[in-house]
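K.L.:
Sequence:
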Amino acid sequence: MRSDRSDSRETIFRFEEAVDKPLVPRFFPLLQHGVLIRCRIGRSVAAFLREDIGATAETIDMIQSIILDGKPVDDPGAAFIRDGSTLALSAAMPGLVGATLRRGGTYSSFRSAITYHETGQASLQGEGYVRIKLFNLLMAELGPVVLRKGVFLSGRDVVSFMTGQSPDFWEGCRQITLDGAPVDAAGLRNAPWLSEKDRVFLVVTGG
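Mapping of the sequence shown onto my numbering: position 160 corresponds to residue 160, and the numbering continues sequentially without gaps.
A portion of the hints provided could be inaccurate.
[Claimed, not checked] Below are the BS3-like pairs computed for lysine-lysine, each with C-alpha atoms no more than 30 Å apart in a straight line: (1) K133 / K197; (2) K21 / K149; (3) K21 / K71; (4) K149 / K133; (5) K71 / K133; (6) K133 / K21; (7) K149 / K197.
Calculated from the structure, these hints are not laboratory results.
Please model the entire structure based on the sequences and the hints provided.
P.N.:
What follows is the structure in structure tokens.
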């Protein structure tokens with residue numbers, strides 16, 4: 001079994017699943033919990049959404065709340081991604097909380113003390129990792145695109161996901177490969193090949 005070692009403590013596996021389209025939403029809780037994406041850092045959130053996530057202008061308009069490293073963002077073109085950043089994206093949320101977090105909204109002044117502002121220090125450019133979290137309608141809108149491009153997960157999260165799936169999920173897995181080699185779904189249910197210290201690059205296609 002081939003795998004890439006990034007250091008002495010972890011092994012990175014490439015795991016690809018082709019599943020029946022109705023099963024793709026089964027992976028959405030992983031996106032809500034947060035997944036790592038390898039990308040170019042030092043660019044704006046807007047550029048990240050367009051170029052790395054593949055979001056269309058219409059989809060970006062749907063994103064009403066952008067939280068970068070715990071702070072609401074009003075202008076995605078003026079907030080910059082750094083290595084290790086966490087980016088949470090949501091469509092419109094109900095209530096006062098949703099109205100307050102909405103970018104550029106009427107109530108955005110209520111949170112001026114916590115709104116994201118650049119420090120003026122130049123962002124280093126290069127390759128890095130960003131943790132992305134998707135909520136509500138954006139899971140259905142962006143989830144399949146993100147999963148098709150591929151995400152990094154901890155071994156623990158993959159084991160938890162696999163062991164929680166029902167038989168109909170595994171029946172709907174049309175093709176599964178591990179490090180490029182076809183594998184049988186029955187042998188993956190308890191993920192015996194994986195330890196919690198491992199990292200998995202997961203690619204999911206549905207159709």
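K.L.:
Holds or violated: are the alpha carbons of K133 and K197 at most 30 Å from each other?
P.N.:
22 Å, holds
K.L.:
Between K133 and K21, is the straight-line Cα distance small enough, at 30 Å or below?
P.N.:
21 Å, holds
K.L.:
Mind checking the alpha carbons of K149 and K197 for me, to see if they're no more than 30 Å apart?
P.N.:
23 Å, holds
K.L.:
Can the restraint linking K21 and K149 be considered satisfied, given a maximum Cα separation of 30 Å?
P.N.:
Roughly 16 Å between the alpha carbons, so the hint for K21 and K149 holds.
K.L.:
Within 30 Å, alpha carbon to alpha carbon, are K149 and K133?
P.N.:
15 Å, holds
K.L.:
Holds or violated: are the alpha carbons of K21 and K71 at most 30 Å from each other?
P.N.:
35 Å, violated
K.L.:
Could you grab the alpha-carbon distance between K71 and K133 and see if it respects the 30 Å cut-off?
P.N.:
14 Å, holds
In this structure, the one hint that does not hold is number 3.
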